[in-house]
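Construct the complete structure from the given sequences, taking the supplied hints into account.
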Amino acid sequence: MRARQLEVFIAVMRAGTVTAAARMLNISQPALSQILLHTEDELGFTLFERIKGRLRPTPEALEIFADAERLSAGLEGLRRKTTDLRLGRTGLVRVAASPPPALAILPRAFTSFRARHPDILLRSHMAPIAAIVDMLRAGDASLGVALDDRLPPDIEAEVLGSVGFACLLPIGHALAGKTELTLSDLAGEELISYRGNTRPADELAHAARAQGVEVSPSLEIDVSISAVGFVQAGLGIALVDALLPWHQFAGLAVRPLSNGPEFPIALLTSRTRALSRADEMMRDQIRAACSVVLGDDKTGA
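Under this note's numbering, the sequence shown is numbered contiguously, ending at residue 301.
Don't read these hints as lab results, they were simulated from the structure.
Beta carbons are placed, not taken as given, at the ideal position from N, Cα and C, and that holds for glycine.
Please note: incorrect hints may appear among the correct ones.
Simulated DEER-style distance windows between Cβ atoms [claimed, not checked]:
no. : residue 1 : residue 2 : range
1   : 3         : 188       : 14 to 24 Å
2   : 153       : 72        : 22 to 32 Å
3   : 274       : 66        : 45 to 55 Å
4   : 271       : 46        : 18 to 28 Å
5   : 4         : 291       : 41 to 51 Å
6   : 139       : 222       : 22 to 32 Å
7   : 116       : 24        : 38 to 48 Å
8   : 262       : 37        : 51 to 61 Å
Pasting the structure below:
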């Protein structure tokens, strides 16, 4: 399967119709249909069944889709790198981070870095931990920052510090009268927190068991910042990382979780890829920015 055929196959899988896929790729419907037919002829099996104007993937298409997406991501990464080389972007730093450090740490690190190295191009990716690992492996990012250090053996995790939890309450909530909250205070409340099988959820569950408290979110989230709108709407109290500058959001009362668990802030690199000099300089700035942010948190800033 050639690159253009791969692109068409993925577009049709995602869009479900020739019309939508052609629009995604900015080509005509006949051209896309022709590429798809040639692809099926070369493969020797059908990829889609035509049913009432829609294309339903065959079992064979479903079998190869995940591999096709991985190949496509690799090709896209290669295109970006060759473009950077053609445009002379030899000084390029790519950092991938999960939302809390992306919003709380990277702005400070990038500002300091830019003041010292104004001619180096910076590229930031906000992504979940699994995607950060994939980007580090593919070379689409040289550095990662995440709230987890339990990673595959090919990923180096340097723990820069740790962060606890914060409670986000709707303005006027009865518990907002307290200066800090405990897990016991939250018993019986509608809770908004991380979905299961994530590092924050695991840490909360372990702490709750140790304290003999039942913690069971009624609304699960993937990233902490998504809790803001839910709390503002009065759907419950959010138990989220204390790293983000939550006080900047209107309609929230923010209280620290006392005697709660902590989880690490980790700087991630690939063990199989060497860092450039620019990457190393950015790594130093991320370390310094994390130290300052955690110091601010301790002083209540």
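Consistency of the hints with the structure:
A beta carbon spacing of about 56 Å between residue 3 and residue 188 contradicts the range 14 to 24 Å that was offered as a hint. The hinted window of 22 to 32 Å between residue 153 and residue 72 holds, with their beta carbons roughly 26 Å apart. The given range of 45 to 55 Å is broken by residue 274 and residue 66, whose C-beta atoms sit roughly 29 Å from each other. At roughly 42 Å, the beta carbons of residue 271 and residue 46 sit outside the given window of 18 to 28 Å.
A beta carbon spacing of about 48 Å between residue 4 and residue 291 agrees with the range 41 to 51 Å that was offered as a hint. Checked against the hint of 22 to 32 Å, the C-beta distance between residue 139 and residue 222 comes to roughly 26 Å, which is consistent with it. At roughly 41 Å, the beta-carbon separation of residue 116 and residue 24 lies within the given 38 to 48 Å, and the hint holds. For residue 262 and residue 37, the Cβ-Cβ distance of about 57 Å falls inside the hinted range of 51 to 61 Å, so the restraint holds.
When each numbered hint is compared with the structure, violations occur for hints 1, 3 and 4.
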